[in-house]
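Undergrad: Once you've looked at the hints, dock chain B against the given chain A.
There are 2 protein chains.
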Amino acid sequence: MRFEVLVEVSLRPGVADPQGQTIERSLPTLGFAGVHGVRVGKAIRFELEALDEPAARAEIADMCDRFLSNPVIEDTRVTVTATDPAR
Amino acid sequence: MRFEVLVEVSLRPGVADPQGQTIERSLPTLGFAGVHGVRVGKAIRFELEALDEPAARAEIADMCDRFLSNPVIEDTRVTVTATDPAR
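Sequences listed follow chains A and B, in order. The first sequence begins at 1 in my numbering and counts up by one. The second sequence begins at 101 in my numbering and counts up by one.
One chain only, chain A, in its complex shape:
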């Protein structure tokens, strides 16, 4: 089966995010009000061939821990969508 995968890698709560802070400080000067708590992370998308969804999720969790994120300071959110296998 083929899956579309989105891995969102974000800094854990409490870890300083200077990029997000810079965006948050800049927005009011550009006329955008009411924005708080800006956090910038990575969005990694890919296609994955796997036997079934549990196998896909297990492989992705392993990839996240070993390669795509730093589990000490980063959290990951994984979204898996099955796509037409004939595509």
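To be clear, the hints were calculated from the coordinates, so they are not data collected in a lab. Note that this is a predicted model, so its numbers are computed, not measured. Here a beta-carbon is modelled for each residue, glycine too, at the ideal position from N, C-alpha and C. Incorrect hints may appear among the rest.
Pair by pair, the computed Cβ-Cβ distance ranges are [claimed, not checked]: (1) A:P28 with B:A133: 44 to 50 Å; (2) A:T83 with B:Q121: 20 to 26 Å; (3) A:A16 with B:G131: 20 to 26 Å; (4) A:E49 with B:A155: 40 to 46 Å; (5) A:G31 with B:S126: 21 to 27 Å; (6) B:Q121 with A:D75: 24 to 30 Å; (7) B:A133 with A:T29: 44 to 50 Å.
Some, not all, of what chain A presents toward chain B, calculated at C-beta under 8 Å [as the list claims (entries may be wrong)]: (8) S10; (9) L11; (10) R12; (11) R25; (12) V35; (13) V38; (14) G41; (15) F46; (16) A50; (17) E53; (18) M63; (19) C64; (20) R66; (21) F67.
Here chain A is said to cover these stretches of chain B; the calculated rule only asks that three of the stretch's residues, wherever they fall, bring their Cβ under 8 Å from a Cβ of chain A [said to hold, decoys possible]: (22) 130 to 137; (23) 143 to 150; (24) 160 to 170.
TA: Below, chain B without anything else, positioned relative to chain A:
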């Protein structure tokens, strides 16, 4: 009303993504097979105070065009979730 916002900024199809290519080349050497089409983008999360959802979406679209992305080479996907206004 208060909204939780996720803006995913990704390179448009056809724009070279060296970071994604590097990840794709590295994964097989780490034992992860079946991964294709890796693309790396940004995931920007924040909270927004706005009158209602259409107002929130209009402000976010404007922010994306003017500040958060480069519309020439990047696409944005916006997810807006209303949160409890009493929170």
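Undergrad: Now look at each hint and say whether the structure bears it out.
TA: Structure-based check of each hint:
no. : hint                          : result
1   : A:P28 with B:A133: 44 to 50 Å : holds (48 Å)
2   : A:T83 with B:Q121: 20 to 26 Å : holds (21 Å)
3   : A:A16 with B:G131: 20 to 26 Å : violated (33 Å)
4   : A:E49 with B:A155: 40 to 46 Å : holds (43 Å)
5   : A:G31 with B:S126: 21 to 27 Å : violated (42 Å)
6   : B:Q121 with A:D75: 24 to 30 Å : holds (25 Å)
7   : B:A133 with A:T29: 44 to 50 Å : holds (48 Å)
8   : S10                           : holds (7 Å)
9   : L11                           : violated (10 Å)
10  : R12                           : violated (13 Å)
11  : R25                           : violated (12 Å)
12  : V35                           : holds (5 Å)
13  : V38                           : holds (4 Å)
14  : G41                           : holds (4 Å)
15  : F46                           : holds (4 Å)
16  : A50                           : holds (6 Å)
17  : E53                           : violated (14 Å)
18  : M63                           : holds (6 Å)
19  : C64                           : violated (11 Å)
20  : R66                           : holds (7 Å)
21  : F67                           : holds (6 Å)
22  : 130 to 137                    : holds (count 7)
23  : 143 to 150                    : holds (count 8)
24  : 160 to 170                    : holds (count 5)
In this structure, the hints that do not hold are numbers 3, 5, 9, 10, 11, 17 and 19, in rising order.
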